[in-house]
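Asker: Residues per chain, in single letters:
Protein chains: 6
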Amino acid sequence: MAKAKFIGDLKAGMELAGEPFLLHDVVRRQSKDGRPFLLTTLRDRTGQISGVFWDVPLAVDVWARPGLGVLVSGRVTTYKDAIQVNISDLNRANGIDLTDFLPASRRSRAEMLAELRDHVAALAEPWQSLVAYILLEGELAERFAAAPAARSMHHAYVGGLLEHTVSMAALARHLARHYDYVNMDLLLSGALLHDVGKALEYSLGEGFAPSDDGRLVGHIVRGVVLIEHAAAGLDFPEDALQQLVHLIVSHHGTQEWGSPVAPKTLEAVLLHQIDLLDSRIGGFLDHVGNDGGAGAWTTKRSDMFGVELRRPPGFDRYARPNNQE
Amino acid sequence: MAKAKFIGDLKAGMELAGEPFLLHDVVRRQSKDGRPFLLTTLRDRTGQISGVFWDVPLAVDVWARPGLGVLVSGRVTTYKDAIQVNISDLNRANGIDLTDFLPASRRSRAEMLAELRDHVAALAEPWQSLVAYILLEGELAERFAAAPAARSMHHAYVGGLLEHTVSMAALARHLARHYDYVNMDLLLSGALLHDVGKALEYSLGEGFAPSDDGRLVGHIVRGVVLIEHAAAGLDFPEDALQQLVHLIVSHHGTQEWGSPVAPKTLEAVLLHQIDLLDSRIGGFLDHVGNDGGAGAWTTKRSDMFGVELRRPPGFDRYARPNNQE
Amino acid sequence: MAKAKFIGDLKAGMELAGEPFLLHDVVRRQSKDGRPFLLTTLRDRTGQISGVFWDVPLAVDVWARPGLGVLVSGRVTTYKDAIQVNISDLNRANGIDLTDFLPASRRSRAEMLAELRDHVAALAEPWQSLVAYILLEGELAERFAAAPAARSMHHAYVGGLLEHTVSMAALARHLARHYDYVNMDLLLSGALLHDVGKALEYSLGEGFAPSDDGRLVGHIVRGVVLIEHAAAGLDFPEDALQQLVHLIVSHHGTQEWGSPVAPKTLEAVLLHQIDLLDSRIGGFLDHVGNDGGAGAWTTKRSDMFGVELRRPPGFDRYARPNNQE
Amino acid sequence: MAKAKFIGDLKAGMELAGEPFLLHDVVRRQSKDGRPFLLTTLRDRTGQISGVFWDVPLAVDVWARPGLGVLVSGRVTTYKDAIQVNISDLNRANGIDLTDFLPASRRSRAEMLAELRDHVAALAEPWQSLVAYILLEGELAERFAAAPAARSMHHAYVGGLLEHTVSMAALARHLARHYDYVNMDLLLSGALLHDVGKALEYSLGEGFAPSDDGRLVGHIVRGVVLIEHAAAGLDFPEDALQQLVHLIVSHHGTQEWGSPVAPKTLEAVLLHQIDLLDSRIGGFLDHVGNDGGAGAWTTKRSDMFGVELRRPPGFDRYARPNNQE
Amino acid sequence: MAKAKFIGDLKAGMELAGEPFLLHDVVRRQSKDGRPFLLTTLRDRTGQISGVFWDVPLAVDVWARPGLGVLVSGRVTTYKDAIQVNISDLNRANGIDLTDFLPASRRSRAEMLAELRDHVAALAEPWQSLVAYILLEGELAERFAAAPAARSMHHAYVGGLLEHTVSMAALARHLARHYDYVNMDLLLSGALLHDVGKALEYSLGEGFAPSDDGRLVGHIVRGVVLIEHAAAGLDFPEDALQQLVHLIVSHHGTQEWGSPVAPKTLEAVLLHQIDLLDSRIGGFLDHVGNDGGAGAWTTKRSDMFGVELRRPPGFDRYARPNNQE
Amino acid sequence: MAKAKFIGDLKAGMELAGEPFLLHDVVRRQSKDGRPFLLTTLRDRTGQISGVFWDVPLAVDVWARPGLGVLVSGRVTTYKDAIQVNISDLNRANGIDLTDFLPASRRSRAEMLAELRDHVAALAEPWQSLVAYILLEGELAERFAAAPAARSMHHAYVGGLLEHTVSMAALARHLARHYDYVNMDLLLSGALLHDVGKALEYSLGEGFAPSDDGRLVGHIVRGVVLIEHAAAGLDFPEDALQQLVHLIVSHHGTQEWGSPVAPKTLEAVLLHQIDLLDSRIGGFLDHVGNDGGAGAWTTKRSDMFGVELRRPPGFDRYARPNNQE
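Protein chains in written order, with our numbering: chain F, 1 to 325; chain A, 1 to 325; chain E, 1 to 325; chain C, 1 to 325; chain D, 1 to 325; chain B, 1 to 325.
Keep in mind that the hints were calculated from the coordinates and are not lab data.
Just so you know, not all the hints are guaranteed correct.
Once the Cα atoms are required to be at most 27 Å apart in a straight line, the calculated DSS-like pairs of lysine-lysine come out as [stated by the list, open to error]:
#1 Lys300/D to Lys264/C
#2 Lys264/F to Lys11/B
#3 Lys264/F to Lys11/F
#4 Lys300/C to Lys300/A
#5 Lys11/E to Lys264/E
#6 Lys264/B to Lys11/B
#7 Lys264/A to Lys300/E
#8 Lys300/A to Lys300/E
#9 Lys300/B to Lys300/F
#10 Lys11/D to Lys300/F
#11 Lys11/A to Lys264/A
#12 Lys300/C to Lys300/D
#13 Lys11/C to Lys300/C
#14 Lys264/E to Lys300/F
#15 Lys11/D to Lys264/D
#16 Lys11/B to Lys300/C
#17 Lys300/E to Lys3/D
#18 Lys300/A to Lys11/B
In this text, all values refer to a predicted model and were calculated from it rather than measured experimentally.
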C-alpha cells in the first residue's frame, strides 16, 4: 500500500490500482433516473483532484466520509483544462503513513528539525532544558513535528507548525538584536513554544478536523498547561515561568483574536508581531498557491485578507521554499 | 490598633486618635503660597470619606501612596452635605486585619461559607472531592473567601467573590432542574470554580490592585492551571476534567470578553448566562449603592450599563442583602 | 383532509394518498433533456422530508410556492440513509388546521395555557387585569397561543412563543425571590408580555414569513402600542404603565440588538437577562435537534452561537421537554 | 422679573440687579482657609457666562442645583479675554418665561410656525388632518414649538426641534420632486412628525434634562404612540398609518443608532438621509458656534464628528440663520 | 455586427443569428454521460438572459470566459416563467460598441451631458476651467461619460457615474442655497469631481472588472492625482486646491468606509451627505429593479441595506428615470 | 539666545536667565483673591518641566499660547520628588533652532542620515534615483530629517520619522532575504518612502500641531502626490510606480486604520507588517520612557496598547538606542 503515484504527477490516461489518497471530501448525488454516484475530492501531499464514482456498491456507501484514507482504482481522464479520476473501486486504507495523504510542507522535515535543534541549542539555561524537554524529548515531540499550524488560514499542512515555528525563531533571534532591552532567551523560548498546544488541536487522522481538546480547551490554554506541567518537573524558576506563560497567553494580541490577556511586556509585544508577520506571509503564499487561476490576480478572495491577491512574479507553487536564514 | 470607629458611623465633631483606615487615594497639592497639602480618600468596609492633611511632615510625604493601611488622628468636620476629616497626624499601619479597611460584603462570611459547604455537599463524587479540595481545604481557601469578584464592576469588595459564587451556585442548582439534559454536577462545579483564579488576581494589600499574576496570566488561565493541578493529584477522570475546563475557559462567553473559546456545551452556555445575570444584577445594585445622589436616578452613568440607572424604590444601601434561597 | 401520517412515522414503501403537508420550500429544475421537475421540502409538525415531482402538470407549476398547504400523493422511497417522497400528485389544500403542518412545540398547548393562567393568577391588581385582558381574553389570545417565538433562531415552531413565555415567567418568579428589591408584579407582567407583539410578527399561513407589520413596525413597538391601547381601556395607572412599557422597549438589552432604549431599572435588567438565558438555551436545544448528524458534535455551525455545538449526552430530539417547574 | 440684560450684551462694569438667568451648572468649592464658594455657569438664550459667588449664605447653598431659574445680583468683571459675574446675591426665580434663560434658536418662532403651517397646508388629506391635529392643534403643539431637537448634539436649543423640522420638511418637498416614485404626502408627513416624541423627551424646566419618559420610553416609541392615538381618533386609513409608523420607527437608520427596524421603503430611506443630513449640518454649525476659539480650526473636537472642524469663512455665531427656502 | 435584438425584446421562438452580447458569466458542466455543456449568462444594456450551449466545440471552450463580447446564434425557448437561449453557435466579437452589451443608464447620454455642461457653466473661475478641463475636454472625458459608478452597489451600469454625478450636482446647488455659509463653487466642483477616479477604476471591456489601478490605487487617490496634475497645468490657487482635494479625500465620510481623512469643512460634510443620499436612493431603486420577484417585497436581501425592500407602488423597472430638476 | 541649560540637567537652586524653551502647554488660573497666574509646561529636547508664573504682566498674557518658543528667567525650585521653575520673566523667542526645544531622537542625526544614504545606495535603478531625489536631494529632504513620525503615539520627537524610517529599511532588507519572492527594491523603496508625506503633516513651529495639509489631505495621499510628481520628472516606469504607490496607499493595512485600499501584493503585506512592528515597539518604549513612575509597571495606560506596560529590566530612558544593525 505504499504510495506510487502522486497527484502532482498524474496525467490523463494513467491507470490507478489501489493507490492511497486522503478522501478529503465526499458528496452523494443521485441522477434523474435514480443512479447514485459519489463526487469526491482526493488529496495527497502534492495537491488535490476530483474523482467520480458511478454505481457505488452499498458497502462503500456506508463507510465513506471525509477524513479517511482510501485506496483508489480507476483511470485518469481529462475534461477541459482539468484532469479527474473515474473511480472503479474504492477501499478503506489502514495502517498507512498519513503524511503521504495530506498536503505537506515543501521543506524537508529533517532540515527543519535540524534548525529547531539549532534554535534550542542557542538558548541559555534553564530555558534550554524546558524547551528541549517539550519539543524534542517528550511524548509530544512527534506530534509537534507533524501538526499543521492552522486548519485553513496559513501553514495548513503537515509540518506546517514546525515550519512556522522555525521561521519565527529565526526572526525572533534577529529582532532581539535589532531592538534594545529584549531578553533573547525569553523571546526565543516564546517563539518556539507559542503554538505548542496546536500539536493537540487538530486530528490528522481526520484531515485536520479539530480535536475535542481543540474545541473545548483551545491551543492557548492547552499550551500553558503543558508548559506549567513541564516546568513543575524541572523546577523552572517561577518568575521566568510567569513571563513565558504571559507570552503564550497573549500571543494573539487582543481578546478579540482569542488572547485572554493583551501583551504587556516588550517580548510579548514582539512575539505577537512576529507571529502576525509570519502567519500573514504564510497565508499570502498559501492562498496564491491554492488558487487555481493563472492570471495576475487570484480568482478567489483570501479569507485572511478579504481581497483578491496579486501573484508575485515568478511564483512557483511547487518550488521548495527558502525561508531559512 | 483595633478598629474603633467606622466611616458609616462618623459624625461632625468626632475626634479620631490613631484610627485605622485604608489610604485608598492620595494626591499632593500645593497652595499658592507654597504650603503643601495632601488630599486623601480614606476607606473602611463601611464606606469612604475625604481627608485633608495640611503641613504634612516630610517623613509622611515620602511613604504615603494608595493602597496602604494608615492610622489617622484628627477631627471630623462638616462642610455642606458632606463630612470630611481634617487630619492632624498620619502613620503607617502594620499587621492589621485588612477586612476592616476595605469595602466588604454586607453578608456575613460565616453564613456564606455555610452555604458554600452546602453546595459542595450537594455534589456527587468525584466532583465533590475536587471542589472541596480547591475551595475548602487547600491553601487557596482563605484567599478565595476574602477576594473581591472584580476591581470595580461588580461585587468589588472583600468577600465579593464568595458572595457572587454562592449566589451563582444557587442559581445553577435551580436552572439544572428548570431545563432538560443539564448535568447538575458539572454545572454546579463550574459555578463554584469558574472564578477561582480571581483569588490570585487582586492584591488586597494594595486596595484590589491587580497582582502580577492577574496582569500577566489572568484569572481564566490561572483557574485552569489550579484545577488541572488539583485534578492530577486526585486522579480525576480526564473526560470530566475536559468538560469542566471548558466551562472555566468559556465562561466569559466570547473572545471579545476574554474567553479564548466560546461556550459549546449546554452547561457552558448556562454557566455563561448565570455569570452574566448575577454580575449584571450585582453591578446594578453596586452602582446604585455607590452613587452619592438621592434622586430617582443615579447622578453618574454606570460604566457597566453605559446609562444612568433608576434607584429601586425602598433601596437601602446599608441593608444586608438577602440573596440566599 | 385530516392528517393521517406524520413525517416522524414515515417509512420506505409507504403510500401517501392526498396527505396534507406544508410546502416549506420548492425549487424548479430542468433535466438535460428538458424534463421539468420540482424539488420540494415538505413539513409537518413532526419534521421535514424532501419530495421530488417529475412531469409536473402545468397547472401545478403555476400555483406552487413556499408557504402553502398541499395534499401529496406518492410513495416513500429510500435512498442512502434518508427517505424521500416520489410525488405523483400534488394539490392545494384549503381549510386545514395549520398546526398539523408546521413544526410545533412538543409541550401540550393545554398544559402550557394552564401554566400561563397560573402565572396570571399570581399577579396582584391592577397587573392581573391588564395581562389577562391581553393574553387570555382579548382577540389576540388565540394568535398568541399559536405563534412562534422567532422565525429561525429559537422556539421557531407553533406554540414556541407560549412555551418561551411560560418558561420565562417561571424564571421571573424564582429570580424575584432570589434578589432583593425586585417588584415581582412588574417583572412577571413584563415576562408575560415582553414578546406579545410577536403574535402579529409572523404569518403562520406562509410558514412563519414575516408579516407586513413585523417588517415595518416590529414586535417591540407593536407590543407597546397593544399594551398602551389595553391600558387606556382599563384606566391602568400611568406610572406603572411607563415602567411596564420600559420593560418591553428595553428587553433586547442594547440598541445593537434592537431595543431603542437600554434597560435602566432593576426589573428591566432582569427581564433582559431572563430573555437572553431562555432564548439561548432554547436556541441551543433547537440547533442540536435540527442538526441532521449523529456524532458528538453538530455537523453545522449554529447561527446563534457561531460554532458547532456538542450534543448533550442522552439527547432525544423527539422527547417532550420538561421545562416546567 | 422680566429679562433686562442679555448675556450677549454684558460688558465689564455693568451691575446686575435681580437679573434672571438659568443656573446651568453649579459646583461647590472650598478655599484653603475654609471659605466656601460657588462656581456657576449662567445661561440665557444668547449665550453663557461664568459666575463666582463668595460667602454663600447657607440658605442658598441648600437649594442651588443645575436646571433652576435664578435671579442674580452682582457686577460684571473682566479677567483676561473673558467676562464673568461676581455674584453678590442669588435667589430662586419662579413663574418666569424659560425661553429667556435657555439657548434659543436664532430664527423667530413666528416665522418658523408660519413655515410649519405652510408645509402642513401642502399635504393632501387625510395626511393634513393628522399632522395638523398633532402639531398645530393638540395639547402637544406648544411643547413641540419650544423643544430642543437634542440635548447636546445638534439644534440643542429652545425651538431647535421646530427649526430642524421645518428645514427637513423643505428638503423633503424638494427631494420628492428630485427622485421618482416618492409619495410626497407620506414623506412630508414623516419629516414633520419624525421627532414629535421629542416634545416629551426633555424637561425644559431643568435645562434640557431628559424626562422620565425620555429615559424609559424614548422619543421614537413615544412618537408612535402619539400618532397611533391621534390616528385612532381620526379614522386614519390603516395602511397609510402603517407606512407612516414605519418612517418614525426607522428614521435613525439602523438598530445601532436606535431604530428598532431598518428603513425598508423608499420614503423611509429618504427620511433617514434627510434627517442625517440636516442634523449633521446643524451639529457642524453648533459646534463651530459654541467653540470659544477664534482660529481657523475649532479648539475642541466635535463629539459628533470626532475631529476638530474648520470654521467656515465669514462665520458669525450671532447671525440669524437663513435656512428657509 | 450591429446590435439587432435586445434582451428586453426577446420572445420565445425568435431566432438569433450572430447577435452580439456580453458573456457576463460562463460555467462548464458535464452531464452524467460525459457530454460537456456551458451554462452562460448573456447581457446587453437592457437586461440579462441565460443561455445553454450543448456539444461545445473545443475551440470555443478554450477562449470562453466572463467579460468578453460574443456573437450568439440559436433559438429563444421558453421554460416556465423564463426564457432562455439554446445556443447553437458562439463566436468571439471584436471591435463592437460595448455600451450595447452592458447594462446602461436609462437616461440618454446626450441629455446627461447637457446637464453636466450646465453645471460646469454655473461655476465661477478658476473652478470652471479646472472642472471643464477634467470632465469635458481632457482625455478622460469619454471614459468618464461611460463608466459605472460602482461594480454592484448602485448606478452599476454604463453611464452610471455620469448619472450619479449630475444628480449630485443638482442636489449640491440646491443645498448650497438651503444652508448658510456654503461655498457654492467649492461644493459644486467637489460634487462634479468626487468620483472622477472611477473613470479608471473599472474595466468596461471585462464587464466592470476592477482594473489594476482600481485594485492597487483606488478611485479616491487616483482622483486626487488627476486633479493635482490638472491644477498644476492651470496654475490653480493652492489654497482652493487643498480645499477641493479635502472634499475628494473625505467624501466616503469615515476611514471605515475608505476615506483616509474625515470631513472637516462644511462643504466636505455636505458632499459626503449628498453622496450617501444619492447612492442610497440609487441602490434602493437598482435593487428593486434587479430583483426578479413580483410581490410587494423583493425576494432577496439588498446587500446595501441588509434587508428585503418594499417595491414602491407603480414601480416600472424599464421606465426612464426622471431625476433631473 | 543659544541653549545653555537643558532640562535633563536642571537641578534645584539653578538660576535661568533668558533660557530658551518650547512653551508646550499653558493654562491660565486665578487664585481666590484674584491674582492671575500661568501654569506652564516647558520642553526642550531632553524632557519637560513645569513652570509657574505669578503676577503675569498683561503683555505676556496676550501672546502666551502653546507651541511658541520662549525665553525663561527664574529659579529652579524643588518640591517633593519633582523640580519646577518659578518664572520671573517670560519673553517670546524668535529665530531659534527649534530642535533644541522639542523632544528629539536620542540617535545622532548624522549617523541616521548615513544609514539612510546606505539604504538608498543599496537600491538598483530606477528606484535609487527616485528615492534619492525625494529624500536626499529635493526641497523636502531637510523637513524629512527633522519631522516626528507621529504626534503622540510613537517616535513623536524631532528626527523620529528618520529614526523610524531607517529602522524599517533595515528590517525590510532582512525580511526580503528571509522570505521567497520578495522584490527587494520595491520593498525597500516602500519602506523608505512610506511616510514621506509626514514631512508635511506636522508643524514643528507649533509643537507638532497638525498642519492644514495634515488635517485636510493626510500623509498618505500627500505622499502619493509627492511621489507621482517626482516620478513624472524622472520618467519612472509606470508599472513600477503603480506598485510603489500601492505600498504607500495600503501601508496602514485596513480602511479602519486609514488606508483607502488594503495590501494586495506580497511587498505591501510585508511593508504593513514591518510598519506595525516598528511602530508598536517604538510606542512601547516611548510610553515606558515618558511614564513618570518608577515601579515595575507604568502608572498610566498606554493609549496604543490600552493597558499598563511592564518596564523592561534595565530600562534607561536617557540611554541612546541601539537599533542599528
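Asker: State the violated hints by number, sorted upward, taking the hints as numbered earlier in the document.
Answerer: 2, 3, 5, 6, 8, 9, 10, 11, 12, 14, 15, 16, 17 and 18
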